[in-house]
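Novice: The residues making up each chain are set out below.
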Amino acid sequence: MAVASLAPDAGEVDQLYIETRELRLQGFLFFLISDCVLFSSFIFAYLYMRNSGQGWPPPGVQRLDVAFAAWNSVVLFGSGATMHYALENFKYGHFMRYMWFLLATIVLGVMFLGGQAYEYNHLIFGEHVTWAGSGIFGASFFTLTGMHGFHVFIGVCYLTVLVLQSAAGVYTRGKYFGITAGTLYWHFVDVIWVVLFSIFYLL
Amino acid sequence: MSVAAVHSGGIADHIHPEPQGFIRRYVFSLDHKIIGIQYLVTGFVFFMLSGLLAETIRTQLLNPNGGFVSPETYNEVYSIHGSAMVWLVVIPLLTGGFGNLVFPVQIGARDVAFPWLNMLSFWIFPVSGLMLFSSFLMGAPTAGWMEYPPVSLQGQAGTSMWAAAIFLVGVSSTMTGLNFLVTILKMRAPGMTFTRMPLFVWGQFATAPLLMIATTALAAALAALFINREFGVPFYDPTKGGSPVMWQHMFWFYSHPAVYIMILPAFGIISEVLPTFARKSIFGYKMIAFSSAAIALLGFMVWAHHMFTSGLAPFLQLPFMILTYIIGVPTGIKIFSWTATLWGGKIHYSTAMLFAIGFVALFTLGGITGIFLAAIPFDLHVHGTYFIVGHIHYVLVGGSMMGIFAGMYYWFPKMSGRLLNETLGKWHFWLFFIGFNGTFIPMHWLGMLGMPREVATYDPQFTFWNRFETFASYLMTFAILIFFVNIIWSIRYGKKAGANPWGARTLEWQVPSPPHYYNFKHVPTVYGLPYDFSQPLPYKGLEEELTDSPPAVAAGAH
Ligand code: HEM
Ligand SMILES: [Cu+2]
Chain C
34 MAVASLAPDA GEVDQLYIET RELRLQGFLF FLISDCVLFS SFIFAYLYMR NSGQGWPPPG
94 VQRLDVAFAA WNSVVLFGSG ATMHYALENF KYGHFMRYMW FLLATIVLGV MFLGGQAYEY
154 NHLIFGEHVT WAGSGIFGAS FFTLTGMHGF HVFIGVCYLT VLVLQSAAGV YTRGKYFGIT
214 AGTLYWHFVD VIWVVLFSIF YLL
Chain P
835 MSVAAVHSGG IADHIHPEPQ GFIRRYVFSL DHKIIGIQYL VTGFVFFMLS GLLAETIRTQ
895 LLNPNGGFVS PETYNEVYSI HGSAMVWLVV IPLLTGGFGN LVFPVQIGAR DVAFPWLNML
955 SFWIFPVSGL MLFSSFLMGA PTAGWMEYPP VSLQGQAGTS MWAAAIFLVG VSSTMTGLNF
1015 LVTILKMRAP GMTFTRMPLF VWGQFATAPL LMIATTALAA ALAALFINRE FGVPFYDPTK
1075 GGSPVMWQHM FWFYSHPAVY IMILPAFGII SEVLPTFARK SIFGYKMIAF SSAAIALLGF
1135 MVWAHHMFTS GLAPFLQLPF MILTYIIGVP TGIKIFSWTA TLWGGKIHYS TAMLFAIGFV
1195 ALFTLGGITG IFLAAIPFDL HVHGTYFIVG HIHYVLVGGS MMGIFAGMYY WFPKMSGRLL
1255 NETLGKWHFW LFFIGFNGTF IPMHWLGMLG MPREVATYDP QFTFWNRFET FASYLMTFAI
1315 LIFFVNIIWS IRYGKKAGAN PWGARTLEWQ VPSPPHYYNF KHVPTVYGLP YDFSQPLPYK
1375 GLEEELTDSP PAVAAGAH
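As given, the protein sequences belong to chains C and P, one line each in that order. For the first sequence, this note's numbering assigns the number 34 to the initial residue and increments by one for each residue that follows. For the second sequence, this note's numbering assigns the number 835 to the initial residue and increments by one for each residue that follows.
These aren't lab readings, by the way, just hints derived from the structure by calculation. Careful, some of the hints might be misleading.
Straight-line alpha carbon distances no greater than 30 Å define the calculated DSBU-like cross-link-like pairs of lysine-lysine that follow [said to hold, decoys possible]:
{"no.": "1", "chain 1": "P", "residue 1": "LYS1020", "chain 2": "P", "residue 2": "LYS1120"}
{"no.": "2", "chain 1": "C", "residue 1": "LYS124", "chain 2": "P", "residue 2": "LYS1020"}
{"no.": "3", "chain 1": "C", "residue 1": "LYS208", "chain 2": "P", "residue 2": "LYS1020"}
{"no.": "4", "chain 1": "P", "residue 1": "LYS1330", "chain 2": "P", "residue 2": "LYS1180"}
Listing some non-contacts, in silico: residues in chain C with all C-beta distances to chain P over 12 Å [to be verified]:
{"no.": "5", "residue": "ALA100"}
{"no.": "6", "residue": "LYS124"}
{"no.": "7", "residue": "GLU152"}
{"no.": "8", "residue": "TYR191"}
Positions of the beta carbon are idealized from the N, C-alpha and C atoms, including for glycine.
Working from the sequences, and respecting the hints, build out all of it.
Specialist: What follows is the structure, encoded as structure tokens:
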């Protein structure tokens, strides 16, 4: 990932910064890989239990509402797009546009979480489907989507910190690894959602 | 700016100010060498504790009806013995310990990529160790180190503590793996290509991704166990639709790669010690290096060989059996390469070398019983018997622990500046070697005769060999005590080592013992493999290292 070459005026960054950034980027990608393994393990568990011969959804559980989740997914994917534009605008020096796109990303992320809360509320209190009380369905659905929601939550917090830091002028056109990392993380959380949406709602 | 013309001004030319004060230097140190020593000390403390548990097991088995401890306590004791030896002793000693201590210097780096992360990894480790042992206070787990449900779902509160402790130590491993991998990929000295890296570095290079990826899979399994136990979420609970066999899949998907985490770094140690004391280039450098990578990769595809009796679908049994056979091939390649290294060498039987040769012999036996076990018809008979206990101890004690001892005798002078006493060392080796074989060889036939593992009593017909094993295990413990005495004695009174007491050729031996906190005054350039004893050293830029001159770049220079 040639981050160095994307910086329009690399003049202000020294060799030490360039090399440190390379290490951090590499380390961050490895972190995402191992996080991905964490999700994969639970996804394996879900598919394993799902195929254990009790039928799916198991007796006593309704099929999930695809339409609502689809709209919620659109919200999350939209936030991926705004995050992308935020980073691009920062790179090319459009600071205010960057800030607006960043804020939009946060708003969309919170909307997604709100949607998820609504869905949980409906499942738990409307249909009495719970984490511990609904067999393998509750176990796999709430664990995986909960883990994902938690990742979105962490992402929202991180982006909020980015807003404050950016307002304080922490990032310059040569040194903005924090923004790159946030973008990578946010896209990662998006991609995980594509998988979760497919295996829980579509499959 | 004449300096800038010579130096790029990057990390290799950047020395942090020397840490001041005891706390920053030795407790919350960022220096990979100090952190390595911290790992070694902590790991050996846990080694003593889990060794005590091992002797409790053996003492119980002096008599067919036990009587030393209650059966419940016995279950707790072997469960914690196994868990502690795997996660608090062998893995931390080989990766966090020797890894930190040696490989950054061997690749010509000033430190690992993320020193803060390294410090964090270390400090999580003693905390999780204390958590693990504290589970005795609340009813320790009783289902062995594998903690198969449903038994582990029924265990007392200590089982949850066990899961939390292993989870944490796993987080530490994952971070170590990530750190090492970035370091090896990005921070090698100029000229240090992949095929010029010392074989110890290759061992760490193959291990790091396993730490990073496999351990995360274990984290998921443990988290699910914890959630199942504490919140009743039925992942593994068959009465609510969950699957105990799923735990076995998730556990072994980690734990088979983990057996390679526990052996690949030891392979690396052996590959340094053998050529040094045979005064001969390592035979088949590339074969050894690439077979480590092959083992790491194949290691992810054989986990179900632990589950041949768990109702694995028949169409899966054959592939797992064949893949397990295949993984024996790169392992065999290494053994032949080491033997060929010794062939015609001018062998110097130092203690480190004795342990290395002992490693080759004993590990080979363990590998051979592994191949037996890969054969389903054989495995169906001996699964769950003492034969398995024999196999794992030949590879883990005869292999990993012998490697650790070899590494201690080899690198102790580098970390302390003093040699370990050779006479005590020879006593350590021979008593350990005899005691080890006496303890674990009989387990093979006891297992084939049907003596089950993890049971507090046994059929009286097995009495003789069990007593024999117990007495041999006391001998082994005595040998280990000699080792500890040797360490404590040698720190004060050992012979001064100098920079390179063994005439070894890798980079860590070209700098003082112990090295400066910045490792190199000037990062060297590498021109070839370190193993060719007939050639001059393949490094440039090391002329100043053993003199009193200050480093070429000022500390703290930006
Ligand atoms: C040639 C290489 C090897 C082969 C083919 C092999 C094969 C096997 C097989 C088939 C089992 C399952 C036995 C059963 O439970 O029925 C097993 C168990 C085991 N092996 Fe190996 N093995 C090899 C090397 C190693 C190495 C290098 C280590 C560790 C350093 C190791 C550690 C273990 C452990 C810890 C267990 C079992 C644990 C348990 O059930 O508690 N093995 N091995
Ligand atoms: Cu295995």
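Novice: Would you mind marking each hint as holding or not holding in the structure?
Specialist: Status of the hints after comparison with the structure:
| no. | hint | in the structure |
| --- | --- | --- |
| 1 | P:LYS1020 with P:LYS1120 | 21 Å, holds |
| 2 | C:LYS124 with P:LYS1020 | 25 Å, holds |
| 3 | C:LYS208 with P:LYS1020 | 20 Å, holds |
| 4 | P:LYS1330 with P:LYS1180 | 25 Å, holds |
| 5 | ALA100 | 28 Å, holds |
| 6 | LYS124 | 23 Å, holds |
| 7 | GLU152 | 18 Å, holds |
| 8 | TYR191 | 18 Å, holds |
The structure is consistent with each of the numbered hints, conforming to all of them.
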